[in-house]
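*Asks:* What follows is each chain in one-letter form.
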Amino acid sequence: MDMKDSSPASARRIFFSQASAGVALLALAPGVRLVDLALARAQDEPASATQRWGLLVDVDRCSSGCDACVSACDTEHGLDGNERPQTDAQWIRKVDLEDENTGRQLSLPLMCQHCEEPPCVDVCPTGASFRRADGIVLVDKHTCIGCRYCMMACPYKARSFIHEDLTGQKTHAPRGKGTVESCTLCVHRVDRDELPACVEACTDAGHEALVFGDINDRNDPLATQLAEVPSHELRADLKLNTAVRYRGL
Amino acid sequence: MIWSGLIEHWFKRRSRAMWTVVITVGLLGGVGLTGAFAEVSQPLFPSARGEQCVEPVDVMRRDHFEFLKHQRDKTVHKGIRTPRHSLVGCIDCHADKDTQGRFVPVNAKGQFCQSCHAYAAVKIDCFSCHAARPTERVSQSP
Amino acid sequence: MKIAYFQSVSSSRGYWLISAIAGAVTLAGLIGAHHMENAGHWVTGMSNQVVWGVPHVFAIFLIVAASGALNTASIASVFGRDDYKPLARLSALLAIALLCGGLAVLVLDLGRPDRLIVAMTHYNFKSIFAWNIFLYIGFMFIVGIYLWMMFEPRMNRFTAQVGIAAFTWRLVLTTGTGSIFGFLVAREAFDSAVMAPLFVVMSLSFGTALTLLIGMLIFWINGATMDPALVQKLRRLLGFFVIGVAYLVAVDHLTRLYVTGHHQLEQFILLEGGTYTFLFWGVQILLGTVVPAILLLLPRFGQHRYLIAAALLVVVGALAQVYVLIIGGQVFPLELFPGYAVTSTFYDGVIADYTPSLAELALGMGGLGLAVLVTLIGVRILPFVPVQMVGENQD
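Protein chains in written order, with my numbering: chain A, 1 to 249; chain B, 1 to 142; chain C, 1 to 395.
One chain only, chain A, in its complex shape (with noise of 0.2 Å):
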């Protein structure tokens, strides 16, 4: 059953940020958007590259003592964890960074950077790993053989590999033993038009420092703002083209 009425003609995508404030948003706030978007897709049709999915990264604004977005993540996939960080599943992770020479402190969220050329998608054997039309690198674990070789190829550390038996799994998030995962970019979200977990998480912390949204349309406020203000990806001499930014490095 689909969620909502389909008919394309009609379709009237609004994105809104669930914050309980229910202020009215109506200054570029980011993740809030009061726009239409006539390209959006139904869910009976597939992905297109008319749609490139991104997400800044504001460092500025992102705070050191907070992890909304971690938990975020792992309450919407049900990342329990059994106390074994060495093995336990990481699909983003706060990164506390200090200048060598100056001092400088700052913190970030680093997750699967989502690259057009993904080296992940590269290397795996069977083709498991694979990047969607609209630009979601995903793993489609009905093929993974648990080689972990994209594991290797990451530039980015951002896979985990699910070390033993999983119960209870959300009915979103399919996760078993013995196959590879990461950052979905909330895609069973994002294609019901809502924002990723660790957005609404970040902007409902107040902190506001993930935007989401669609690259290629000029209209969308992470694209103003990918236009409008210095941004950069991490490792950016292996010219992957990431779809996620970081401002503020």
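Note that these hints are calculated values from the structure, not bench results.
Glycine included, each C-beta is placed from N, C-alpha and C at the ideal position.
Be aware that a few hints might be false.
Here are some, though not all, of the chain A residues that point toward chain B, as calculated from beta-carbon distances under 8 Å [to be verified]: (1) Q43; (2) D140; (3) K141; (4) H142; (5) Q169; (6) T171.
Away from chain A, derived, C-beta distances all over 10 Å, residues of chain C [what the hints assert, rightly or not]: (7) Y5; (8) S10; (9) A24; (10) H41; (11) F141; (12) V172; (13) V185; (14) R256; (15) Y258; (16) Y306; (17) L312; (18) F346; (19) I381.
Keeping the supplied structure of chain A fixed, place chains B and C upon it in accordance with the hints.
*Replies:* Relative to the frame of chain A, chains B and C by itself:
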């Protein structure tokens, strides 16, 4: 070469081993013909919610894995999320509730998936990853 | 004219003893693999930081050695050296057996070994791993045909051509295996074009060492000794191969040392890496290169026992080399933020921990056990082992 040797063996040097094989096969065949092996209980499982399944029963029995397999490729690779052949859709209707009103996993003993699969002796791999219970907020039938 | 005669190994107490040992080691490996698969990989020392551990060290060692084990046969068929012919059949058998052992370890360590059929039917041809699957299976076929050419007198005239095909295939296979690491842009320790040729020379070294060791073992079971002239030649070859490996290792490290950006990695491996530094200098270089080179090449150490010691040291050094390469390369953190000190909950910015577990060691050794077992079965069934050569003019 081998066959002519066997035939020669049969006609000229009938051995005890050969007779043992013949009698055993004959006994088994005879017993089989009486239908002694025919009585295996059919799988029993709780009935599903809703009026009817998304496909006719005989089509589902034959092809449900094909539907699931193609649907999963469409969903994972292309993001097509129609519920008609989705595993989540199956579980929504076919999951039973226990006496306390909580959902029972569909791969638990005596439940929908498990009972037929135990009968047919086909191991399924779905629930090492997929949730075997619907989310508590059950979606509407199509 | 020299004619080599071959025989199969007859049943003896020594044969059953070695078979029992190899069988027990293989069984231990299977038990280890079963434990890993049942409980999940958390029971091993491997983690999200060090994703390939001791099983992969053994698997890569065995696969690389398998390619090199064919070298003796190649010298006979491709380079026309008839004096190596007596060992050609055994060399080809060893190649197949070692590859079986290596692949078994690799497959049993997979997160989903039950999905082997998926791996054989779904291919991403940009992946060097996918190509390697073809190269490994194809290698077994080609060496099988090569053996057929060698065994069947009517096909002997094709041995050279198939030998050339097998030789070429072997070089491509070893290049592919080295490129598994060489193609990884993400990791400083691997991303290098020298990986492919390094692996080729490693294969020559590891393969010749194992050919000598397992070959001498089989001769001992059969109550015979290998032709001393041939052993002497293989001995010198091994000495040069060991030096060849050291040369490429030196080039690899010296190049990285020249680049300022890689200084921290080199400092870790060569100076401050604790276990890894010890394994590099103490085991790989000293025990695995310098000592064997001396024992193999200097005439003063011509006795048989020095050869056995040298070959064993080469194997130990080989395992240390692969360990430092694969595991040392993973424990060193990725550099995502140059100029910053990094901490996180996901072990960014720190040297990762890795302690091999018993299950992993058992699985790795099980691969070696399987290789020896396959060889023993082979030499019993078919005439692989040469008897003393008939005719004059022994070189």
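*Asks:* Hints first: check each against the structure and report whether it holds.
*Replies:* We went through each hint and held it up to the structure:
Annotation: interface hint on Q43 (chain A) holds; nearest CB of chain B at approximately 5 Å, less than 8 Å. A distance limit of 8 Å between C-beta atoms decides the matter here; for D140 (chain A) the minimum to chain B is near 5 Å, and the interface restraint holds. Proximity of K141 (chain A) to chain B holds as hinted, the smallest CB-CB distance being about 6 Å (cut-off 8 Å). Restraint check, H142 (chain A) versus chain B: the minimum CB separation of about 6 Å is within 8 Å; hint holds.
Among the interface hints, the one on Q169 (chain A) holds; its C-beta lies about 5 Å from the nearest C-beta in chain B, closer than the 8 Å criterion. For T171 (chain A), the interface hint holds, the least distance from its beta-carbon to any beta-carbon of chain B being 5 Å, beneath 8 Å. Against the 10 Å criterion, Y5 (chain C) stays outside the reach of chain A, whose nearest CB is about 44 Å from its own CB. At roughly 42 Å, the least C-beta separation between S10 (chain C) and chain A is larger than 10 Å, which holds for a residue marked as non-interface.
Listed as a non-interface residue, A24 (chain C) keeps its Cβ farther than 10 Å from every Cβ of chain A; the least gap is roughly 28 Å. The non-interface label for H41 (chain C) is inconsistent with chain A: the shortest C-beta to C-beta separation is roughly 4 Å, within 10 Å. At the 10 Å boundary, the C-beta of F141 (chain C) stays outside the reach of chain A, the nearest C-beta of that chain being 20 Å off. Look at V172 (chain C): its CB is around 17 Å from the nearest CB on chain A, clear of 10 Å, so calling it non-interface holds up.
Not every CB of chain A is more than 10 Å from the CB of V185 (chain C) (nearest about 6 Å), against its label as outside the interface. Listed as a non-interface residue, R256 (chain C) keeps its Cβ farther than 10 Å from every Cβ of chain A; the least gap is roughly 16 Å. Taking the minimum C-beta to C-beta distance to chain A, about 18 Å, the non-interface status of Y258 (chain C) holds against the 10 Å cut. At roughly 39 Å, the least C-beta separation between Y306 (chain C) and chain A is larger than 10 Å, which holds for a residue marked as non-interface.
Under the 10 Å C-beta cut-off, the non-interface status given to L312 (chain C) relative to chain A holds; the minimum distance is some 31 Å. Residue-level check failed: F346 (chain C) sits 4 Å from the nearest beta carbon of chain A, not beyond 10 Å. The non-interface label for I381 (chain C) is consistent with chain A: the shortest C-beta to C-beta separation is roughly 33 Å, beyond 10 Å.
When held up to the earlier numbered hints, the structure conflicts with 10, 13, 18 and fits the remainder.
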